[in-house]
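Student: This is what each chain is made of:
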Amino acid sequence: MIDIEQAHARGRTRGVHRRTGDNIERLVAALSPLHPYLRGAPLGLPFRWDTETVHRGLNFTLVTALGDLDLLGEVTGGGDYDRLLPHSMVIVAHGIEMRILGIEKLIDVKRAAGRPRDLEAIAELEVIREQRRKLGL
Amino acid sequence: MDPVIDAYKSGIDVTLIVENLRRTPEERLRNLEALQRFVLRFRGAAFRERIDPS
Numbered sequence: 394m395i396d397i398e399q400a401h402a403r404g405r406t407r408g409v410h411r412r413t414g415d416n417i418e419r420l421v422a423a424l425s426p427l428h429p430y431l432r433g434a435p436l437g438l439p440f441r442w443d444t445e446t447v448h449r450g451l452n453f454t455l456v457t458a459l460g461d462l463d464l465l466g467e468v469t470g471g472g473d474y475d476r477l478l479p480h481s482m483v484i485v486a487h488g489i490e491m492r493i494l495g496i497e498k499l500i501d502v503k504r505a506a507g508r509p510r511d512l513e514a515i516a517e518l519e520v521i522r523e524q525r526r527k528l529g530l
Numbered sequence: 116m117d118p119v120i121d122a123y124k125s126g127i128d129v130t131l132i133v134e135n136l137r138r139t140p141e142e143r144l145r146n147l148e149a150l151q152r153f154v155l156r157f158r159g160a161a162f163r164e165r166i167d168p169s
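Protein sequence lines, in the order shown, are assigned to chains A and B. Under my numbering, think of the first position of the first sequence as 394, with each following residue one higher. Under my numbering, think of the first position of the second sequence as 116, with each following residue one higher.
Any given hint could turn out to be false.
As the list claims (entries may be wrong) - Covered stretches of chain A (chain B as the covering partner; in silico rule of three or more C-beta atoms under 8 Å from a C-beta of chain B):
1) 479 to 486
2) 508 to 516
3) 520 to 530
Think of the hints as simulated: they come from the structure by calculation, not from any bench. Cβ atoms here follow ideal geometry from the backbone N, Cα and C, with glycine treated the same way.
Use the sequences and the hints to build the structure in full.
Tutor: Okay, structure coming up:
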């Protein structure tokens with residue numbers, strides 16, 4: 394489940410993953426070619442991108458060959474993948490099905506996170522919600 | 116109601132939001148990717164200018 398931040402064109406993708414053994418294995422295999430590393434950490438740390446690391450952690454803020462990636466096991470105010478699932482929807486882009494968080498829940502989790510940097514994004518999301526209602530979308 | 120969020124709302128260009136809402140999710144994503152490519156190119160140019168202003 395993804396949330397692509399576009400407010401500041403930071404190019405950061407945030408994804409919530411289901412914490413099952415099979416899924417973590419698939420995730421590790423899929424991201425390995427992108428050489429994930431801890432974002433903001435000094436180079437040379439003994440960080441290994443493998444299933445054991447992902448099992449031991451929960452939320453990872455990573456830098457990859459394709460950009461920044463926040464890989465979350467849980468979201469403040471939203472819970473884990475299965476709790477977020479009913480609040481998500483499927484879109485198709487580049488021929489790939491992606492599950493994204495609906496606007497109502499996205500506003501909720503950004504409010505729950507309480508980060509100053511999210512205030513502008515919340516304002517934009519609330520305006521989008523108002524306009525969607527006006528347009529009957 | 117949050118006064119800080121409301122203050123941010125006053126600076127939002129609603130016409131751009133409406134224009135974006137009329138696009139499909141795929142079109143919005145493609146536009147976002149194009150914007151990100153532009154930002155990356157701009158950052159690269161700014162970096163090159165800093166290290167070699169001539």
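Student: Is the listed coverage of the segment 520 to 530 of chain A by chain B valid when you require three or more residues with a beta carbon under 8 Å from a beta carbon of that chain?
Tutor: Per the Cβ count (6), the hint holds.
Student: Test coverage of the segment 479 to 486 of chain A by chain B using CB-CB distances below 8 Å; three residues minimum.
Tutor: n = 3 at 8 Å, threshold three: holds.
Student: Does the segment 508 to 516 of chain A contain three or more residues whose Cβ lies closer than 8 Å to a Cβ of chain B?
Tutor: Holds, because 4 residues of the segment 508 to 516 of chain A bring their Cβ atoms closer than 8 Å to Cβ atoms of chain B.
Consistency with the previously given hints is maintained throughout, with no hint failing.
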